[in-house]
Every structure is written in C-alpha cells, then in structure tokens.
Amino acid sequence: MIKFDNITKSFEGKTVLHGISGIFEPGRANLIIGTSGTGKSVLLKCMVGLMKPDDGVVLYDGRDFTHATHFVQREIRRDIGMLFQGAALFDSMSVERNVMFPLDILTEMPKDEKLDRVNFILKRVGLENANNLMPSELSGGMKKRVGIARALVNNSKYLYCDEPNSGLDPQTSILIDSLIKEITEEFNITTVVVTHDMNSVMEIGDYIIYMYQGRKLWEGNKAEILDAEVPELHDFIYANKLVQALREEQDLKKNG
Amino acid sequence: MKGIGKYFIFLSRLFVKREPLKTYMKQIIDECVKIGIDSLVIVAIVSTFIGAVTCIQTAYNMVSPLIPDYVISVVVRDMTLLELAPTITAIVFAGKVGSNIAGELGTMKITEQIDALEVMGINSVSFLGLPKIVGAVFMFPMLVILAGFLAIMGGYFAGTLTGVITPQDYIYGLRADFIEFNVTFAMIKSVVFAFLVASISSYKGYSTSGGALEVGHASTSAVTNSCIAILTADYLLAELLL
Chain H
1 MIKFDNITKS FEGKTVLHGI SGIFEPGRAN LIIGTSGTGK SVLLKCMVGL MKPDDGVVLY
61 DGRDFTHATH FVQREIRRDI GMLFQGAALF DSMSVERNVM FPLDILTEMP KDEKLDRVNF
121 ILKRVGLENA NNLMPSELSG GMKKRVGIAR ALVNNSKYLY CDEPNSGLDP QTSILIDSLI
181 KEITEEFNIT TVVVTHDMNS VMEIGDYIIY MYQGRKLWEG NKAEILDAEV PELHDFIYAN
241 KLVQALREEQ DLKKNG
Chain D
257 MKGIGKYFIF LSRLFVKREP LKTYMKQIID ECVKIGIDSL VIVAIVSTFI GAVTCIQTAY
317 NMVSPLIPDY VISVVVRDMT LLELAPTITA IVFAGKVGSN IAGELGTMKI TEQIDALEVM
377 GINSVSFLGL PKIVGAVFMF PMLVILAGFL AIMGGYFAGT LTGVITPQDY IYGLRADFIE
437 FNVTFAMIKS VVFAFLVASI SSYKGYSTSG GALEVGHAST SAVTNSCIAI LTADYLLAEL
497 LL
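Each protein sequence line maps, in turn, to chains H and D.
Under our numbering, the residue at position 200 of the first sequence is numbered 200, and the numbers go up by one with no gaps.
Numbering-wise, our numbering comes out as the position in the second sequence, counting from 1, plus 256.
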C-alpha cells in the first residue's frame with residue numbers, strides 16, 4: 001500500500017502541487033488523471049523520489065520514504081518498478097540485458113537463475129522470443145512491454161506507469177492496459193498509472209484521482225466517474241467523443 | 257560561477273553513495289576500449305603530422321649556420337614532450353571523446369534512462385560518470401605516450417626524407433641534454449587533462465534538459481569548456497612544475 005499525505009511542491013514560487021493526499025491499495029490499478037500540466041507527473045516524481053516534495057510524506061507499507069536516509073530510500077526503491085513514457089530502455093543493451101539489468105545491479109543471483117527469471121517475465125509480457133533484439137528494433141508497444149518486464153523482474157511490490165499509452169495505437173493501448181491490469185491482480189502489486197487517456201480510465205480504473213491545477217478535485221472508480229458532479233472533471237471526461245456517446249446511451253437506457 | 261559550483265557538486269556525487277566497486281568493473285573495461293582503442297587512429301594521424309610539421313618548420317626557421325642541425329630534433333623532442341603530445345592530443349580527445357560522452361549522457365537524460373537508474377536506487381552520476389572518468393584517466397596517458405612516439409617518428413621521417421637533417425643528427429638530437437622529468441611532466445598533464453575532459457563532458461551531458469537541440473548544445477559546450485579547462489590547466493601546471 002502506498003499512502004501519500006499533503007504532498008506540496010513549488011517551482012520558483014509557483015505551487016504546482018497543493019497538498020495532495022491519498023491511499024493506493026495493492027491488487028488494483030490506481031489512476032492519476034487530469035489534463036496536461038496539471039501536476040500528475042510531478043506528483044509521480046515526488047512519489048518515486050525523483051523530486052523531493054516541499055512538504056508532505058510518502059509511505060510505502062508504512063515505511064517513510066520522503067524523510068528516510070539514503071540507504072533506507074535505496075532499499076524501498078528496490079521494491080519500486082517504473083514504466084516510463086518512452087519506456088526508457090537502455091539503447092546499447094539487448095532486450096534480455098535490459099530486463100536483466102536490475103538483477104545484475106541489485107541482486108547476487110546466479111546467472112542461470114537470473115536468466116530463468118528474465119525468460120519467465122518476458123514470457124509473461126508476451127515477448128518470449130525477443131531476448132536478442134535491440135530497443136531500436138522494437139515497436140512502441142513492444143518497448144512498453146519490455147519496460148514493464150524490467151520494472152517487475154526484481155519482484156517489485158509497487159509499479160508506476162507514466163502515460164503507458166502515449167504514442168500507441170488504440171488496439172495496442174488496450175493490450176498494454178489489459179497487461180497492466182492482469183499483472184497487478186496476478187502479482188498483487190500496487191500499481192499507479194498516470195494518464196489522460198479516458199479509454200484507459202474506463203478500462204482499468206479501479207481507483208481514480210482526478211487532478212486539476214495541482215489539486216485533487218475528485219476520487220472514485222470507473223463506475224462512479226461518469227456521474228461525478230465536478231465541472232472540471234465533467235469537461236475532461238466528455239472531451240472524449242466516445243465517452244460522450246457512452247453517456248448518451250446510458251441516459252437513453254435510463255429514460256426508457 | 258553557478259555552473260562551476262554545480263560541477264563540483266556533480267564531482268562530489270561521483271564518489272559518495274555509490275554502488276560497490278565490482279559493479280563498475282565491466283563498465284570501466286568497456287569505457288577503456290571505447291575511449292582508448294577508438295581514439296587510436298585519430299591520435300596517430302594528428303601526432304604524426306604534428307611531429308613532421310614541427311620538424312620542417314623548425315628547420316625552416318633555423319637560418320643561422322652557427323646552429324647545429326641536431327637542434328631541430330631537440331626542439332621536436334622537447335615540444336612534443338612538453339606541449340604537443342599531451343596538449344594537442346587532449347584537444348583532439350576533447351573533440352572526439354568529450355562530445356561523445358556529453359551526447360551519450362545527454363540523450364540518456366532526455367529519454368529518461370537516467371531517471372530509470374535513479375528509480376532503481378542506483379546513483380546514476382557515479383554509475384555513468386565514474387567508469388568514463390576512470391577509463392579516460394587510465395587510457396589517455398597511453399594515448400599521449402603513443403602520440404609522443406609517433407610525433408618524434410613523424411619528425412624523423414619528414415626531416416630525413418626531405419633532407420633537412422640526417423638520421424644521425426636527428427638521433428643525436430633526441431639524446432642530447434635529455435631531461436627525464438619532461439616525460440613525468442607529460443604524464444602528469446595527461447592525467448589532469450583526461451580527468452578534466454571526462455568530468456566536464458559527463459557533467460555537461462548529465463545536466464542536459466530539453467530535447468535533441470539541447471543534446472547538441474551540450475556536446476558543443478562540453479568540447480569548448482574542456483578546451484578552456486585544458487589550456488588553463490596547461491598554463492597552471494607549467495607555472496607550478498617547471
């Protein structure tokens with residue numbers, strides 16, 4: 001479980017996060033949604049330690065991450081996996097070496113065991129024959145799968161995904177969303193997805209936080225979001241024609 | 257001044273909170289190959305021609321018949337050891353290796369590969385920068401030794417083939433009044449220059465933000481700043497040690 005309380009962050013006097021709080025439970029896909037420039041990625045960076053919040057605290061299963069010493073932070077970070085927007089694979093390494101990298105650096109595992117683990121996780125993300133491919137030879141969707149495999153190979157307890165669908169076609173986006181959802185449930189990990197893709201929200205949104213101008217305006221799940229009575233969230237949701245059509249269909253059914 | 261301060265903070269991060277040394281061994285070997293072996297051809301070409309040109313131009317300037325011919329090779333030897341081999345090779349090194357380091361780290365930065373390392377709990381400054389600096393400090397003195405040898409050989413062939421000096425005079429000049437400390441001085445300079453080029457270029461690459469344009473700027477800036485640092489250090493070392 002990830003608990004974050006009163007996360008505040010400013011840049012050169014401009015506050016971009018105004019005391020955001022919430023709890024992300026394991027075994028479900030937790031989404032942070034909002035328009036571009038609303039502070040989603042800054043919140044994510046504060047949570048994984050790429051930025052230090054000006055105020056507030058992030059707790060991983062009760063362990064204080066924000067104020068911990070370097071060595072404690074390093075221990076907690078070893079339980080964190082992250083899928084970056086562009087996958088952030090190491091260009092000079094093959095798929096196998098990319099996925100094996102956390103095991104090489106962070107563990108003392110024998111080579112055979114590492115290889116077995118890599119093959120298992122690559123198979124799980126549907127890339128069983130891609131070991132020797134280089135990142136430049138992969139499609140966008142494959143890169144994201146390798147990114148997920150690398151994030152999970154060290155038995156991570158917490159998975160962060162920053163815009164997992166950016167740059168992907170709708171069909172591949174659905175596959176990646178489904179994979180994230182399946183893996184979250186299968187390994188009972190705490191998954192946090194930052195997105196502005198309403199299709200993802202409706203597909204995997206077990207718990208959703210809506211952010212607007214650095215503030216948390218709404219929280220709930222995908223079943224509740226269409227009925228949310230927050231004007232900013234309403235505008236955000238119904239900017240998507242598909243969701244608009246879905247809502248109209250629901251209204252028609254309700255009214256007989 | 258702010259940039260210099262950030263550079264020193266970057267240097268301090270190289271050595272604190274780093275991974276165990278065994279983590280770096282493979283990378284250090286890779287960097288040695290990349291930095292050393294890949295620079296051999298350019299260093300060989302530049303140093304051979306510099307030696308040849310120094311020999312010809314020294315002969316051209318020695319108009320007095322009172323100065324013996326072997327002085328030409330004395331000048332080639334001392335210029336090579338004291339200045340040309342370490343300094344010109346360092347400038348070439350900054351252009352080739354420095355821009356490469358800055359470009360590589362800059363690209364890693366803007367494509368979030370460095371963030372990926374940090375999220376894993378790895379000190380990315382140390383993990384990426386230290387092997388490059390160690391590789392450069394280890395390999396560059398060898399390149400300077402090679403450059404010195406080839407420059408003197410270049411001078412020999414240029415001088416003897418064009419007839420400005422006999423082979424006997426050239427060899428005699430190389431041995432005349434030889435000061436061993438000049439070799440030590442060249443080695444000290446090479447270690448200092450290698451550290452400056454690798455650390456400045458790593459810093460410039462690491463502090464890149466933005467996109468492809470900024471990576472290009474970082475590479476250019478790495479080369480220009482390295483050259484300025486080399487020339488400043490060159491002067492200071494000459495003042496201190498000679």
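Treat the hints with caution; some may be incorrect.
Unchecked claim - In silico DSS-like links for lysine-lysine, alpha-carbon gap of 25 Å or less:
#: 1; chain 1: H; residue 1: Lys14; chain 2: D; residue 2: Lys262
#: 2; chain 1: H; residue 1: Lys253; chain 2: H; residue 2: Lys216
#: 3; chain 1: H; residue 1: Lys52; chain 2: D; residue 2: Lys282
#: 4; chain 1: H; residue 1: Lys52; chain 2: D; residue 2: Lys258
#: 5; chain 1: H; residue 1: Lys14; chain 2: H; residue 2: Lys52
#: 6; chain 1: D; residue 1: Lys273; chain 2: H; residue 2: Lys14
#: 7; chain 1: D; residue 1: Lys258; chain 2: H; residue 2: Lys157
As the list claims (entries may be wrong) - Away from chain H, derived, C-beta distances all over 10 Å, residues of chain D:
#: 8; residue: Lys273
#: 9; residue: Thr304
#: 10; residue: Ala372
#: 11; residue: Gly377
#: 12; residue: Ile378
#: 13; residue: Leu497
No lab work stands behind these hints, which were simulated from the structure alone.
The beta carbon of each residue, even a glycine, is placed where N, CA and C say it ideally should be.
Comparing the hints with the structure gives:
no.	hint	result
1	H:Lys14 / D:Lys262	23 Å, holds
2	H:Lys253 / H:Lys216	32 Å, violated
3	H:Lys52 / D:Lys282	32 Å, violated
4	H:Lys52 / D:Lys258	21 Å, holds
5	H:Lys14 / H:Lys52	15 Å, holds
6	D:Lys273 / H:Lys14	32 Å, violated
7	D:Lys258 / H:Lys157	40 Å, violated
8	Lys273	5 Å, violated
9	Thr304	32 Å, holds
10	Ala372	4 Å, violated
11	Gly377	3 Å, violated
12	Ile378	6 Å, violated
13	Leu497	39 Å, holds
Hint compliance for this structure: hints 2, 3, 6, 7, 8, 10, 11, 12 are broken, all remaining hints hold.
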